[in-house]
Amino acid sequence: MGLALYQRFTPIEASLFLRCPVENIQKLQKQKKLGFIQLPSDQVEFFGYQLLEYLLQQVSNPVQPEKVIQNQPQEKILRIEEVTKMVGLSRSTVWRMETKGEFPARVPLGTRSVGWRNIEIEEWIAKR
Numbered sequence: 746m747g748l749a750l751y752q753r754f755t756p757i758e759a760s761l762f763l764r765c766p767v768e769n770i771q772k773l774q775k776q777k778k779l780g781f782i783q784l785p786s787d788q789v790e791f792f793g794y795q796l797l798e799y800l801l802q803q804v805s806n807p808v809q810p811e812k813v814i815q816n817q818p819q820e821k822i823l824r825i826e827e828v829t830k831m832v833g834l835s836r837s838t839v840w841r842m843e844t845k846g847e848f849p850a851r852v853p854l855g856t857r858s859v860g861w862r863n864i865e866i867e868e869w870i871a872k873r
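The working numbering applies: residue 746 is where the sequence shown begins, and numbers increase by one.
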């Protein structure tokens, strides 16, 4: 994707470029976090380099991810080998119970692979 540094962008075009709502562009403008040029009749436009400067600031100062609460189990996908070890059942028994609705449903991972959500397996073990 190319961008001319002195190409002018309207707020709508800037929002499309930055992939955010126009309201966010206006907030950034008011907070002086995004450079702009003031045109006659209260119109505002942005140069390409101003949009790039904003993007670079976001990359240089990444938003810190929210802290994960340790009490909540992390969801992950388990393969059949892990499931059979956890529940103490054979592969055939797992398939049979699943078709009867007595075991958590599998999650398709690809054309020929499946898995199970660890949280659902742990809940099933706790209920058993």
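Quick caveat, the hints were computed from the structure, so don't treat them as lab data. Some hints could be false.
Quick list of the computed label-pair ranges, beta carbon to beta carbon [claimed, not checked]:
{"no.": "1", "residue 1": "Lys872", "residue 2": "Ser835", "range": "19 to 29 Å"}
{"no.": "2", "residue 1": "Glu827", "residue 2": "Glu758", "range": "47 to 57 Å"}
{"no.": "3", "residue 1": "Ile782", "residue 2": "Gln803", "range": "37 to 47 Å"}
{"no.": "4", "residue 1": "Glu820", "residue 2": "Gln771", "range": "30 to 40 Å"}
{"no.": "5", "residue 1": "Lys872", "residue 2": "Leu801", "range": "50 to 60 Å"}
Straight-line alpha carbon distances no greater than 20 Å define the calculated SDA-like cross-link-like pairs of lysine to any residue that follow [said to hold, decoys possible]:
{"no.": "6", "residue 1": "Lys872", "residue 2": "Met842"}
{"no.": "7", "residue 1": "Lys778", "residue 2": "Tyr751"}
{"no.": "8", "residue 1": "Lys872", "residue 2": "Arg857"}
{"no.": "9", "residue 1": "Lys821", "residue 2": "Lys775"}
{"no.": "10", "residue 1": "Lys830", "residue 2": "Arg841"}
{"no.": "11", "residue 1": "Lys772", "residue 2": "Gln803"}
{"no.": "12", "residue 1": "Lys821", "residue 2": "Val839"}
{"no.": "13", "residue 1": "Lys775", "residue 2": "Ile757"}
{"no.": "14", "residue 1": "Lys821", "residue 2": "Val859"}
{"no.": "15", "residue 1": "Lys872", "residue 2": "Pro853"}
{"no.": "16", "residue 1": "Lys777", "residue 2": "Leu763"}
{"no.": "17", "residue 1": "Lys845", "residue 2": "Arg862"}
{"no.": "18", "residue 1": "Lys821", "residue 2": "Leu763"}
{"no.": "19", "residue 1": "Lys845", "residue 2": "Gly855"}
{"no.": "20", "residue 1": "Lys872", "residue 2": "Val859"}
{"no.": "21", "residue 1": "Lys830", "residue 2": "Lys775"}
{"no.": "22", "residue 1": "Lys772", "residue 2": "Ala749"}
{"no.": "23", "residue 1": "Lys775", "residue 2": "Ala749"}
{"no.": "24", "residue 1": "Lys777", "residue 2": "Phe762"}
{"no.": "25", "residue 1": "Lys830", "residue 2": "Trp840"}
{"no.": "26", "residue 1": "Lys778", "residue 2": "Gln819"}
{"no.": "27", "residue 1": "Lys772", "residue 2": "Tyr799"}
{"no.": "28", "residue 1": "Lys778", "residue 2": "Pro756"}
{"no.": "29", "residue 1": "Lys777", "residue 2": "Arg753"}
{"no.": "30", "residue 1": "Lys821", "residue 2": "Gln803"}
{"no.": "31", "residue 1": "Lys772", "residue 2": "Leu800"}
{"no.": "32", "residue 1": "Lys772", "residue 2": "Leu761"}
For every residue, glycine included, the Cβ atom is placed at its ideal position computed from N, Cα and C.
Cross-check of the supplied hints:
1. Lys872 with Ser835: 19 to 29 Å: 20 Å, holds
2. Glu827 with Glu758: 47 to 57 Å: At roughly 49 Å between Cβ atoms, Glu758 and Glu827 fall inside 47 to 57 Å, so the hint holds.
3. Ile782 with Gln803: 37 to 47 Å: 21 Å, violated
4. Glu820 with Gln771: 30 to 40 Å: Between Glu820 and Gln771, where Cβ atoms are some 37 Å apart, the hint holds.
5. Lys872 with Leu801: 50 to 60 Å: 52 Å, holds
6. Lys872 with Met842: 15 Å, holds
7. Lys778 with Tyr751: 19 Å, holds
8. Lys872 with Arg857: 30 Å, violated
9. Lys821 with Lys775: 42 Å, violated
10. Lys830 with Arg841: 17 Å, holds
11. Lys772 with Gln803: Distance of about 15 Å is within 20 Å: holds.
12. Lys821 with Val839: The hint holds at about 19 Å.
13. Lys775 with Ile757: Distance of about 16 Å is within 20 Å: holds.
14. Lys821 with Val859: 13 Å, holds
15. Lys872 with Pro853: 24 Å, violated
16. Lys777 with Leu763: Distance of about 16 Å is within 20 Å: holds.
17. Lys845 with Arg862: Holds: Lys845 and Arg862 sit about 18 Å apart, inside 20 Å.
18. Lys821 with Leu763: 32 Å, violated
19. Lys845 with Gly855: 23 Å, violated
20. Lys872 with Val859: Violated, because 23 Å separates the two Cα atoms, which is more than 20 Å.
21. Lys830 with Lys775: Distance ~58 Å between Lys830 and Lys775 Cα, so the pair is violated.
22. Lys772 with Ala749: 24 Å, violated
23. Lys775 with Ala749: 24 Å, violated
24. Lys777 with Phe762: The hint holds at about 18 Å.
25. Lys830 with Trp840: At roughly 14 Å apart (the allowed maximum being 20 Å), Trp840 and Lys830 satisfy the hint.
26. Lys778 with Gln819: With a Cα-Cα distance of about 36 Å, the restraint between Lys778 and Gln819 is violated, given a limit of 20 Å.
27. Lys772 with Tyr799: 13 Å, holds
28. Lys778 with Pro756: At roughly 14 Å apart (the allowed maximum being 20 Å), Pro756 and Lys778 satisfy the hint.
29. Lys777 with Arg753: Holds, because 18 Å separates the two Cα atoms, which is no more than 20 Å.
30. Lys821 with Gln803: Violated: Lys821 and Gln803 sit about 30 Å apart, past 20 Å.
31. Lys772 with Leu800: Satisfied, since the Cα-Cα distance of roughly 15 Å is no more than 20 Å.
32. Lys772 with Leu761: Holds, at roughly 15 Å.
The structure is inconsistent with the numbered hints 3, 8, 9, 15, 18, 19, 20, 21, 22, 23, 26, 30, although it conforms to all the rest.
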